[in-house]
Amino acid sequence: MLGKPNAAKGGKKRVISPTVWPLYIWTALFVALPLVYVVTISFLKKDEIWGVTNQFTLGNYLSLFDPVYLKVFGQSFLVAVSTTALTLLIGYPFAYFTAKFSPAVRSFIILLLMAPFWVNSLLRLNGWIILLKANGPVNELLMRLGLAQEPLKLLYNGGAMMLGMVYALLPFMITSIYNSVEKLDWSVIEAARDLGASPAKAFFTVTVPLTVPGIVAGCVLVFVPSMGLFFISDLLGGAKSLLLGNLIKNELMQARNWPMGATLSIAMLLFTFAFIGIYKRVTGEKTLGGIK
Amino acid sequence: MPQSILTLQNIHKSFDGATVLDGISLSVEAGQFVTLLGPSGCGKTTTLRIIAGLEQPDEGAVILGGADVTRLPPEKRAVNTVFQNYALFPHMNVHRNIAYSLRLRREKKDVIDKRVEELLSIVQLEGYGRRMPAQLSGGQRQRVAIARALACDPQLLLLDEPLGALDLQLRRQMQVELKALQQKLGITFIYITHDQEEALNMSDLIAVMNGGRFEQIGSPEDIYERPATRFAAQFIGQSNILEGTVKQAMEGRAQVELCPGNFVTVNGDFAPGERIALSVRAERIDYGNAAQYGFHLTGAIKLHSYIGGVLRTTITLPTGQELLITGANPVSTYPAGCTVQVFWDPAVAAVVERGRAQGAR
Chain A
1 MLGKPNAAKG GKKRVISPTV WPLYIWTALF VALPLVYVVT ISFLKKDEIW GVTNQFTLGN
61 YLSLFDPVYL KVFGQSFLVA VSTTALTLLI GYPFAYFTAK FSPAVRSFII LLLMAPFWVN
121 SLLRLNGWII LLKANGPVNE LLMRLGLAQE PLKLLYNGGA MMLGMVYALL PFMITSIYNS
181 VEKLDWSVIE AARDLGASPA KAFFTVTVPL TVPGIVAGCV LVFVPSMGLF FISDLLGGAK
241 SLLLGNLIKN ELMQARNWPM GATLSIAMLL FTFAFIGIYK RVTGEKTLGG IK
Chain B
1 MPQSILTLQN IHKSFDGATV LDGISLSVEA GQFVTLLGPS GCGKTTTLRI IAGLEQPDEG
61 AVILGGADVT RLPPEKRAVN TVFQNYALFP HMNVHRNIAY SLRLRREKKD VIDKRVEELL
121 SIVQLEGYGR RMPAQLSGGQ RQRVAIARAL ACDPQLLLLD EPLGALDLQL RRQMQVELKA
181 LQQKLGITFI YITHDQEEAL NMSDLIAVMN GGRFEQIGSP EDIYERPATR FAAQFIGQSN
241 ILEGTVKQAM EGRAQVELCP GNFVTVNGDF APGERIALSV RAERIDYGNA AQYGFHLTGA
301 IKLHSYIGGV LRTTITLPTG QELLITGANP VSTYPAGCTV QVFWDPAVAA VVERGRAQGA
361 R
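Listed in order, the protein sequences are those of chains A and B. Following this note's numbering, the numbering of the first sequence begins with 1 at its first residue and continues without gaps. Following this note's numbering, the numbering of the second sequence begins with 1 at its first residue and continues without gaps.
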């Protein structure tokens, strides 16, 4: 009897309570199993018309290095990096000044930020289409103000796509940074000023380093989905710029090349893991620390 | 006349309509150890923040080394602060924390390294340069905060309850060290505390603060022996406040009636009929069979309690007021219940209020 608590302390025998079994079963069925399935078919050959044969091949992975695919990877990466950079540039000041308001005002701003999430994202994107279309309110306004002679082509280009991406992902950046800024000990910034730092110097030598966990968490939360989002580029970008997300969707739905779709998915997954690995390295955190 | 390094002129400050500082003025000489002493919320931290430039006064001026710095930002003032919670930069090691102000001044690396080593030895933390603040004890963090604030040789060092978070033993030790450091460096210290022992122990000058005003500014001895206001008397040490009416006024002395038949002698010039309040320290009061100094004050001993080192005696006066007396003798010859004559040397009593309206209590 005496030995038992010690054994438990050592943590060797971990008894899994029956109450968490459903969780494990769920994860096994809906996460692990599909993943195994995707990994498996990524190593199989495509069948003539539909589905896969049971012939093993590394060919799918080799064709990742096909210039066509590499170009899409590059383009997606570029879009993801620009989206991340833009959301950071807009999100940091937003989060910073929000955190400086009184608690009541703060929670109201965060509520406003979250409110659009109650509406389906496709609906919200269609809202942008209405705003930006040739005879939409934005063009109308520009012409009334004399800033445009004829309706500008605001939709179905890279700009509209970037707008959609930033719009969709900005709240993730803001909330991550906000959580970091809110936890800041402002007396530390006062100490920097007291020791001779100008407001800008204090910001870059103290505020920014202390909010790095929030910045990095926000970047991960924006970068990772922006690699895979396909419907924004479909709807607003007019499918002109093919992104990784669109490519995977096309391989699966249009080209009916399941093995290639699976291979691209795995490649994206690994790429994302690498990114999260960098995050952990930089912040030394085990979880996405900026997010509560 | 010694030069004043810091002058506060009639500083007013309010936050959201609530007055925090209500016209304070102070003049500090170079090399002095000045303490702002008061209860929490009395405005002492706000005063310090205004001197540092972290807050702007609504009215009044801050003169530092002869120049008006009222509107200067904190980074332009030759003043450094040791913050209450130390406010060390958690992402920098001890060396980088201390070197922060030197690096801002773009000093050469070897100059910085030498200065940091020197400061670490001043605060007795040699070899701690590579540690992170989180790896230090409270006392060590406090030393780092002091070293960091001293790095650029400020004219004035502001310390906001720097010992507040330390345990009693360490507090006492740091009090001695801080005082020694201040004397060695010859820097003017402005020190905030709500601990009277700390204030009396370390200061050259104490400013007793209450409700956004200075109640009294003086040497520790002045403050303790000659409190100027009721608040100053009650906040520091164990005081008895007695109120009475001047019955008989003579040259330099008066007989003050506390209640019919009970008179005490008070030094000073008063007009008959004047209401005054006296402060007498618990350890200055004596009692016995025969009154002295022309007193006629009887009281009944309520209880004695030995509190280690001193015997604390409570005596009930005919007015119903209880007097608190401390004596060095651990046993009293008068047991509880005895009626005794109470008296003190009129020279040790301080008049803390006068001229109040008849009948006011």
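Quick caveat, the hints were computed from the structure, so don't treat them as lab data. Keep in mind the model is a prediction, meaning the values are calculated, not measured. Each residue gets a CB set at the ideal place from its N, CA and C atoms; glycine is no exception. Check the hints yourself; a few may be wrong.
[Unchecked claim] Taking beta-carbon pairs under 7 Å as the criterion, some of the chain A residues facing chain B (in silico):
| # | residue |
| --- | --- |
| 1 | PRO93 |
| 2 | SER198 |
| 3 | ALA200 |
[As the list claims (entries may be wrong)] Counterexamples of contact, computed for chain B against chain A with all Cβ distances above 10 Å:
| # | residue |
| --- | --- |
| 4 | GLN84 |
| 5 | ALA87 |
| 6 | ASN93 |
| 7 | ARG148 |
| 8 | CYS152 |
| 9 | GLY186 |
| 10 | GLY237 |
| 11 | ALA328 |
[To be verified] Interface residues of chain B toward chain A, partial, derived using beta-carbon atoms under 8 Å:
| # | residue |
| --- | --- |
| 12 | PHE83 |
| 13 | HIS91 |
| 14 | SER101 |
message = Hint compliance check: list the failing hint numbers for this structure, sorted ascending.
response = Going through the list in order, the structure violates hints 1, 3, 4, 5, 7, 8 and respects the others.
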